[in-house]
Amino acid sequence: MTAAALRTPADTPDRLLWTAGIAAGATLPHWPALPIWVPGLLCLSIAWRLGGAVFGWPLPKTIARIVLAIAAFGAVLIQYQTINGLAAGTALLIVMVALKYLESRTARDQLVLIIIAYFLLFASLLVDRGFLMVLYLLGFVWFTTVGLLQLGRHGPLLGNLDMVKQAGRLLVQALPIMLILFLLFPRLPGPLWGIPGANMSGQSGLDDSMSPGDITELGLSDAVAFRVDFYNRTPGPTQLYWRGPVLSVFNGRTWSTDGPGMRPGMTELVEYSGEPIEYRVMLEPHGRRWVFALDMPEQWTDGRDIRMENHYQLVRTRRPIRSLFDYEVTSYPAYRTLDTLNERLRGYYTRLPADGNPETRALGEQWRAQTDNPDEIISRALDIFRQEQFFYTLTPPPLGANPADDFLFRTREGFCEHYASAFTVLMRAAGIPARVVTGYQGGELNPLGEYYIIYQSNAHAWTEVWLEGEGWVRVDPTAAVAPDRISLGSSQLSSAQAREGALANIPWLRQAVLAWDAAHTYWNAFVIGYGPELQRALLEALGISRPHWTKLVTLAAGAVLLLSALLTLYLSWSYRRTRARDRSAALFRDFVRKLERASVAPRATGEGPLDFGARAAAALPESAEDIDTITRTYVRLRYEPDDGRTALATLRRLVRAFKPAAAA
Amino acid sequence: MRFGPVLAAPQQWLRASAAAWAEKRQGPDALGVTLDKRRIYILPSRFGFAFGFTIFAMLLGALNYGSSLGFALTFLLAGLGIVIMRHCHYNLRGTRIRFLAAHPVFASEPAEFRFALSNDASSPRYEIILSHNGKESKPEDIPAGQTRVFSLALPTRKRGLLKLGRYQVTTRFPGNLFRAWSWLHMDASCIVYPHPAPRGRPLPNEAGGEGLHGGLERGDADFIGLATAAPGDPPRRIAWKAFARSDELMVKQFAAGEQQARILTWDSLPGLDTEQRLSQLTRWCLEAGERDMAIGLQLPNRAVPVGRGQKHLNECLCALALYEDPAQ
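In the order they appear, the protein sequences are chains A and B. So the first sequence is residues 7 to 670, counted in this note's numbering. So the second sequence is residues 8 to 335, counted in this note's numbering.
Derived by calculation from the structure, the hints in this document are not laboratory data. Treat the numbers as computed from the prediction; the structure is a model and nothing was measured. Some hints here could point you the wrong way.
[Said to hold, decoys possible] Here are the computed distance ranges between Cβ atoms for each label pair:
(1) B/Gly59 with A/Gly174: 37 to 45 Å
(2) B/Ala310 with A/Thr611: 30 to 38 Å
(3) B/Ser129 with A/Leu141: 32 to 40 Å
(4) B/Ser129 with A/Leu181: 19 to 27 Å
(5) A/Ala518 with B/Gly59: 55 to 63 Å
(6) B/Ser129 with A/Leu548: 33 to 41 Å
(7) B/Pro150 with A/Gly174: 18 to 26 Å
(8) A/Arg642 with B/Gly59: 40 to 48 Å
(9) B/Ala64 with A/Leu548: 45 to 53 Å
(10) B/Leu168 with A/Arg642: 36 to 44 Å
(11) B/Lys318 with A/Glu646: 31 to 39 Å
[To be verified] Just some of the chain A residues that point at chain B, by a computed CB distance under 7 Å:
(12) Phe137
(13) Phe188
(14) Pro192
[As the list claims (entries may be wrong)] Away from chain A, derived, C-beta distances all over 10 Å, residues of chain B:
(15) Glu30
(16) Gly34
(17) Pro333
Every residue gets a Cβ at the ideal spot worked out from N, C-alpha and C, and that includes glycine.
Turn these sequences into a full structure, and let the hints steer you where they fit.
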């Protein structure tokens with residue numbers, strides 16, 4: 007019987023407008039990521055359907071709709087090459103919304119659209135977790151819920167404002183349940199199955215290769231790479247080297263990784279000394295496996311499948327980082343690596359292509375002939391950068407076939423990659439094992455949140471050389487040219503260089519940006535980042551340590567039942583009996599008593615108010631008009647809605663003022 | 008237990024046995040009932056199941072993507088579902104329902120059972136539906152502190168006493184996710200008069216067999232005076248002008264052949280079966296009423312004395328409606 011009522015046509019313009027609003031608003035967050043024709047199709051179908059309802063435009067027949075559906079699904083398939091995965095699935099759903107809207111006629115069609123709308127809102131939460139987006143989505147969940155109340159009706163729609171309030175009440179009452187389930191529902195550390203099509207490449211400022219000669223303008227992104235909360239002490243700016251991919255293979259133009267080689271017990275190859283630094287990193291998703299830490303990490307969060315690979319870089323072993331990833335690390339800025347290089351490895355780390363960069367190679371070989379002391383060679387190389395006319399710029403000229411030669415001897419303008427690359431080539435030519443390390447350098451303190459923000463513009467490259475007895479030692483040739491780059495951190499420098507006159511230089515605006523970031527960070531840390539670890543911490547704070555998931559589910563269910571009981575109490579109160587009816591009856595009794603005193607025959611049991619009024623009016627013709635007014639007001643009050651209780655107030659006024667005339 | 012009906016139509020069987028269980032549990036109802044929590048049942052609607060399935064899909068998605076905000080939205084919607092379930096229950100709970108009346112009808116006309124549903128609460132109740140045997144009334148909103156009249160139209164096929172039987176008060180508000188309902192078993196019934204036979208057979212006179220003759224038409228009757236009105240007098244005979252003058256209801260008295268009473272007898276219709284006879288007698292009663300004739304009714308096991316007026320006509324029709332064949 008439900009189904010029958012839902013199948014009856016319900017395509018009044020007001021219902022269609024509601025559905026149009028929901029269809030447009032729920033898909034809106036997806037529009038930028040969609041091929042243009044998908045929102046186009048949606049707009050067209052909304053316009054067509056509304057036109058059909060308001061102006062009587064002819065709507066497409068069934069055959070036309072089927073053809074349109076096949077064409078649209080085909081187009082999605084061609085566009086995405088798949089219908090699997092979030093992007094294609096979303097596009098498909100939105101195409102479905104468009105087609106469903108075009109044929110929407112019954113209440114059931116409209117309810118199906120509401121379900122799809124909720125699901126699309128959910129899908130946009132998987133992609134964009136920004137604060138503003140969440141606000142928009144929350145508002146729109148409210149809107150959709152108003153639509154649910156309105157379109158779930160069979161009768162005419164109710165007042166929109168009333169339903170906005172009603173939906174708001176329902177959602178507010180649902181919030182405690184949401185909170186309990188959010189906190190207590192058992193969180194799993196990994197996905198249930200592979201996440202198809204979630205390609206996040208291009209989000210990171212880093213790559214697993216670098217070709218400095220090819221870049222003529224470094225795009226400095228203000229996107230946040232990660233945020234760091236130092237627990238015990240804050241390292242000095244020259245210690246803020248966040249290790250990323252290590253590039254050991256050089257083909258004359260491009261540096262690339264040799265792929266992470268896993269070796270257990272890497273930390274045993276390090277001799278740590280001095281004061282440790284303990285901190286928590288909230289890493290933005292970058293679609294790769296790299297986990298950034300200060301040189302040199304000693305221990306890190308258990309159970310997050312973080313390993314140290316054989317270049318001392320932390321990586322996540324099982325899967326790339328596709329959602330906010332937070333972890334704790336303890337690092338020692340003072341360290342010494344104990345690994346020894348055999349002949350084969352020495353050869354590997356000094357390998358250069360036989361042809362190419364001849365001048366650089368010649369210089370290196372010349373130094374090797376002059377001295378055996380690697381420290382001497384390193385300082386000679388750094389002296390070149392310091393003493394000769396080298397410039398730090400983010401817009402370097404392009405380099406030719408021999409980029410190291412071109413840079414060292416001709417252009418002499420570049421950024422960190424140029425310096426690190428040329429320096430490493432020089433070292434290898436001089437017979438010193440060397441490699442390029444990429445990562446981030448520096449960071450900006452957000453004074454409002456007491457944490458550091460590391461932007462993509464903090465991306466950096468430096469060199470590591472291997473010295474007998476000292477192991478791998480960091481040398482940052484960029485620091486020789488642009489010491490500010492290192493000591494100030496790149497943000498101040500880069501914003502000044504890359505965005506002249508940029509808004510970021512206005513102090514109060516900078517403050518506002520930092521405040522916003524602080525809010526964002528707490529949001530990220532405690533809401534977005536709420537996962538198995540935070541849940542465990544919360545439960546431990548509540549005195550429940552390492553509970554079995556069944557216990558959590560029982561706890562959550564119990565809490566929801568309790569909240570449901572509270573809701574029942576509230577509803578009992580909110581549906582309590584009104585006194586308005588009784589009050590109007592009492593007023594009418596007063597009126598009857600006045601009349602009876604004025605010698606109208608007593609009101610008989612079961613005598614209706616109108617009958618009594620007519621009788622009284624006949625008995626007291628001089629008050630007939632008053633009697634008639636009061637009687638009619640009372641009857642109206644009993645059988646018609648009394649909006650704002652004005653009728654009750656009128657009745658009270660009339661009865662109080664009523665003085666029956668003396669009987670004739 | 009026989010499994011035939013279970014297998015033939017499991018859904019109907021389930022519904023019927025649930026209703027029978029509820030009837031046994033609740034017992035018969037008075038003509039005025041307040042819906043308390045004991046008698047309100049609630050289940051998800053089909054749309055509610057679809058909504059639940061969507062939430063489950065969202066939960067899997069949130070688990071898979073480890074998306075905290077995905078969990079948040081999933082749980083918000085789950086919470087919304089729970090909250091709506093309570094609201095749906097309370098939309099019904101506390102409603103007062105009173106059987107008003109079911110005016111007699113002729114067989115094959117729908118019998119209209121009328122009910123007053125009162126909302127004594129301070130919140131409005133939305134989308135209240137009465138249903139009987141799967142047929143639903145139009146949904147109505149009852150504002151706070153108000154009463155609305157609902158009616159159920161039951162089809163009638165044969166004369167007699169039509170029992171209302173089980174009916175439901177239902178609501179799906181808010182959001183159509185749940186259906187809350189209450190089964191009611193009030194001892195209400197409607198008298199169904201026999202279906203009148205087609206016009207044509209003339210009324211018998213006292214002698215029997217002969218039809219009525221002219222001269223009895225209303226316009227030809229002689230007005231002889233006024234008498235005090237009594238309940239049941241046909242309105243068209245009320246002397247309205249006199250009422251305007253004297254404040255007393257009077258009826259016009261006519262001198263006509265109608266003063267001669269007719270007795271409609273069972274035996275005057277030989278060759279017809281019981282129901283056909285009842286139909287014909289019904290038609291005659293109606294025709295006599297139209298002409299304001301005094302009639303009496305002589306049935307094998309019951310007699311209605313001679314009389315006239317609407318009340319008397321109703322009495323005659325009731326006797327016909329409730330006639331029980333002594334042979335059976």
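Taking the hints in turn, this is what the structure says about them:
1. Range check, B/Gly59 to A/Gly174: about 23 Å between beta-carbon atoms, so the 37 to 45 Å window is missed.
2. The hinted range of 30 to 38 Å is satisfied by B/Ala310 and A/Thr611, whose Cβ atoms lie roughly 35 Å apart.
3. Here the CB-CB span from B/Ser129 to A/Leu141 is close to 34 Å, well matched to the stated 32 to 40 Å.
4. Distance hint check for B/Ser129 and A/Leu181: the Cβ-Cβ separation is about 24 Å, which falls inside the suggested range of 19 to 27 Å.
5. In this structure, A/Ala518 and B/Gly59 break the distance hint of 55 to 63 Å, their C-beta atoms being roughly 44 Å apart.
6. One distance hint, 33 to 41 Å for the beta-carbon pair B/Ser129 and A/Leu548, holds here, with the actual separation near 39 Å.
7. Distance hint check for B/Pro150 and A/Gly174: the Cβ-Cβ separation is about 20 Å, which falls inside the suggested range of 18 to 26 Å.
8. For the hinted restraint 40 to 48 Å between A/Arg642 and B/Gly59, the CB-CB distance of approximately 44 Å keeps it satisfied.
9. At about 31 Å, the CB distance of B/Ala64 to A/Leu548 disagrees with the hint of 45 to 53 Å.
10. Look at B/Leu168 against A/Arg642: about 38 Å separates their beta carbons, and that is inside 36 to 44 Å.
11. At roughly 33 Å, the beta-carbon separation of B/Lys318 and A/Glu646 lies within the given 31 to 39 Å, and the hint holds.
12. Look at A/Phe137: its Cβ only gets to about 11 Å from chain B, farther than 7 Å, so that hint breaks.
13. Given hint, A/Phe188 at the interface with chain B, holds; its Cβ is 5 Å from that chain's nearest Cβ, closer than 7 Å.
14. The criterion of a C-beta within 7 Å of any C-beta in chain B is not met by A/Pro192, whose closest approach is roughly 9 Å, and the hint is violated.
15. The beta carbon of B/Glu30 is kept farther than 10 Å from every beta carbon of chain A, the shortest such distance being approximately 19 Å.
16. Here B/Gly34 stays apart from chain A, with its beta-carbon at least about 25 Å from theirs, past the 10 Å limit.
17. The Cβ of B/Pro333 lies farther than 10 Å from every Cβ of chain A, with a closest approach of about 40 Å, so its non-interface assignment holds.
Violation of the numbered hints given earlier is confined to hints 1, 5, 9, 12 and 14; the remaining hints are satisfied by the structure.
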